[in-house]
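**Student:** This is what each chain is made of:
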Amino acid sequence: MNELVEIVGLTKAYDARHVAVNNITLTLPKGKIIGLLGPNGSGKTTLIKMLNGLLTPTQGSIMVNGHYVGVESKAHVAYLPDRTYLSGNQSIRGILDYFVDFYADFSRDKAEEMLKSLNIDPDTKLKTLSKGNKEKVQLILVMSRNADLYVLDEPIAGVDPAARDYILRTIINNYNPDATVVISTHLISDIEQILDEVIFMRYGHLVLYTSVDNIREQHGKSVDAYFREVFAC
Amino acid sequence: MLGKLLKHEWKATWRVGGIMLLGLALVSLFGWIAFQAPMWQSMANDSYYDRFNMWDLFSLGTLFMYIMMLIGLNYGIIIYMSVRFYKTMYTDEGYLTHTLPVSKHQILISKILNSGLWYVLMELGVVLSVFILIFSMMSAFLPDGYTWADVWDMIGSEMWQYINEAFRDIFGMTAGGYFGMLLLISLVNPFCSMIILFGAISLGQLFTKHRVLMAIVSYVGIMIVANIISSVVRSVFSMNLMMNYSSDNALAGGYMNVTVWTSTILSVIEAVGLYFVSYYVTSKKLNME
Chain A
1 MNELVEIVGL
11 TKAYDARHVA
21 VNNITLTLPK
31 GKIIGLLGPN
41 GSGKTTLIKM
51 LNGLLTPTQG
61 SIMVNGHYVG
71 VESKAHVAYL
81 PDRTYLSGNQ
91 SIRGILDYFV
101 DFYADFSRDK
111 AEEMLKSLNI
121 DPDTKLKTLS
131 KGNKEKVQLI
141 LVMSRNADLY
151 VLDEPIAGVD
161 PAARDYILRT
171 IINNYNPDAT
181 VVISTHLISD
191 IEQILDEVIF
201 MRYGHLVLYT
211 SVDNIREQHG
221 KSVDAYFREV
231 FAC
Chain B
1 MLGKLLKHEW
11 KATWRVGGIM
21 LLGLALVSLF
31 GWIAFQAPMW
41 QSMANDSYYD
51 RFNMWDLFSL
61 GTLFMYIMML
71 IGLNYGIIIY
81 MSVRFYKTMY
91 TDEGYLTHTL
101 PVSKHQILIS
111 KILNSGLWYV
121 LMELGVVLSV
131 FILIFSMMSA
141 FLPDGYTWAD
151 VWDMIGSEMW
161 QYINEAFRDI
171 FGMTAGGYFG
181 MLLLISLVNP
191 FCSMIILFGA
201 ISLGQLFTKH
211 RVLMAIVSYV
221 GIMIVANIIS
231 SVVRSVFSMN
241 LMMNYSSDNA
251 LAGGYMNVTV
261 WTSTILSVIE
271 AVGLYFVSYY
281 VTSKKLNME
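Residue numbers (our numbering), protein chains in the order written: chain A, 1 to 233; chain B, 1 to 289.
Excised from the complex, chain A in its bound form (with noise of 0.2 Å):
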């Protein structure tokens, strides 16, 4: 069985007008880099906070590794949002032992040896650090588990070039081979180079969902390229 994201009838609708995520039906394989691809509001991040358990579906289902999205199957997802979800009083060590305690594949010494890259004390807090810098040390959490399904919303939204490429540098050399690891974003030729394949969403439907050759291939375009014609204004 290869399937990790089993995806049925998924829909959001908040009230009558406002459907983020309609009607979604898709399967994710492992050991892929998958990139969740839309324009601001195409129901990105509520497909993901779904995904996560973080927002009750109005329909449909969700499944991973072959478990409805619960207590066992946060135990196996590793997730990133979309903004510091962390407490800024805490120091960087008290976090790290928060992890180890709640999550049975996270590893000390892997976070530890990043944060020493990054010259970051793990005594400092977090609230201390730069916008960067916090980042990062979310990244850093979430890549050192070993999770079967990593989920980053927007990784590199609003952080510098250089930054950018610590972070992707972070996720390629991290992930555990055999997972799956999705990254939402709209900044899509930064990412384009480690993607193996490529959801695009709009108005909350699923568009389009192929591999990355695919698109190279049949449409003799990069994913940014195509990504721009299917959703000119």
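Incorrect hints may appear among the rest.
Said to hold, decoys possible - Some chain A residues flagged as far from chain B (calculated, every beta-carbon gap over 10 Å):
#1 N65
#2 R83
#3 Q90
#4 E154
#5 V159
#6 P161
#7 A163
#8 H186
#9 V207
#10 S211
#11 A232
Stated by the list, open to error - In silico BS3-like links for lysine-lysine, alpha-carbon gap of 25 Å or less:
#12 K104(B) - K285(B)
#13 K127(A) - K11(B)
#14 K110(A) - K125(A)
#15 K104(B) - K11(B)
#16 K4(B) - K104(B)
#17 K209(B) - K284(B)
#18 K134(A) - K87(B)
#19 K209(B) - K104(B)
#20 K127(A) - K7(B)
#21 K125(A) - K7(B)
#22 K87(B) - K127(A)
#23 K209(B) - K125(A)
#24 K87(B) - K131(A)
#25 K87(B) - K125(A)
#26 K110(A) - K32(A)
#27 K104(B) - K87(B)
#28 K110(A) - K4(B)
#29 K116(A) - K134(A)
#30 K209(B) - K134(A)
#31 K131(A) - K116(A)
#32 K11(B) - K125(A)
FYI, nobody ran anything at the bench for these hints, they're computed from the structure. Even for Gly, the Cβ is constructed at its ideal location relative to N, Cα and C.
Assemble the complex: chain A is given as a structure, and chain B must be docked to it using the hints.
**Tutor:** Below, chain B without anything else, positioned relative to chain A:
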């Protein structure tokens, strides 16, 4: 996992809780010092006193501050725990809480146990502080040459027997039994209060906008409904008491018992109901913005 959640809840709250308890200890110390002012000694000796000075002014000011601080600390711990619940469950920090591989029951129980425990500690601190102050005040009123040991001797076992009889007459139980019952209730009530508050905060999440405001409205609504039900139940029991009372004392004590038990039992029922409201919202209706 519940143990780990509790450990981290405690780690995240012990500093603020500890500072509040330390504040309480300091306020109590000042309260004790306040009763050493000459004004109180003079009142105790029933002697004319016309030398009201800075020391007396400090004493009155401190006692006013003492009362304000006591009320502030008591509400402070409730507000702190409620804000923490809201922040860690329904704001950005909730992204971590709700993606942990733990059940919603474990999350809720860890927060209820930790905040309830802090509330109990604060209540115990307040009771201890009031006892210290009463002791300090009564010391000021002790006649010259008398010590507490003398007072204790004077009370003697006969007095205790009298007190116990009075409690039996009024409340239908010994003084020890009555205070034991109050202790049990004061251990249960803080946990119920926190569950009710958490339930109201969770109810606020069912609205798409103004969730904090709706949480406050929900809490006020719960309190109004609870008070109406409590009044009706109390009235029914009181009527029954009035028709069957044996003495005025028994009537007064019976009414107090009905009041205490009605509010406690209703609190427990509300808490159970609102626990499941929180569980329902976090497991079936969670909508993190």
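**Student:** Taking the hints in turn, state whether each one holds.
**Tutor:** Tested hints:
no.	hint	in the structure
1	N65	13 Å, holds
2	R83	5 Å, violated
3	Q90	8 Å, violated
4	E154	13 Å, holds
5	V159	18 Å, holds
6	P161	26 Å, holds
7	A163	21 Å, holds
8	H186	20 Å, holds
9	V207	25 Å, holds
10	S211	29 Å, holds
11	A232	31 Å, holds
12	K104(B) - K285(B)	12 Å, holds
13	K127(A) - K11(B)	18 Å, holds
14	K110(A) - K125(A)	20 Å, holds
15	K104(B) - K11(B)	20 Å, holds
16	K4(B) - K104(B)	14 Å, holds
17	K209(B) - K284(B)	18 Å, holds
18	K134(A) - K87(B)	19 Å, holds
19	K209(B) - K104(B)	24 Å, holds
20	K127(A) - K7(B)	22 Å, holds
21	K125(A) - K7(B)	20 Å, holds
22	K87(B) - K127(A)	16 Å, holds
23	K209(B) - K125(A)	33 Å, violated
24	K87(B) - K131(A)	20 Å, holds
25	K87(B) - K125(A)	18 Å, holds
26	K110(A) - K32(A)	22 Å, holds
27	K104(B) - K87(B)	16 Å, holds
28	K110(A) - K4(B)	22 Å, holds
29	K116(A) - K134(A)	14 Å, holds
30	K209(B) - K134(A)	29 Å, violated
31	K131(A) - K116(A)	18 Å, holds
32	K11(B) - K125(A)	15 Å, holds
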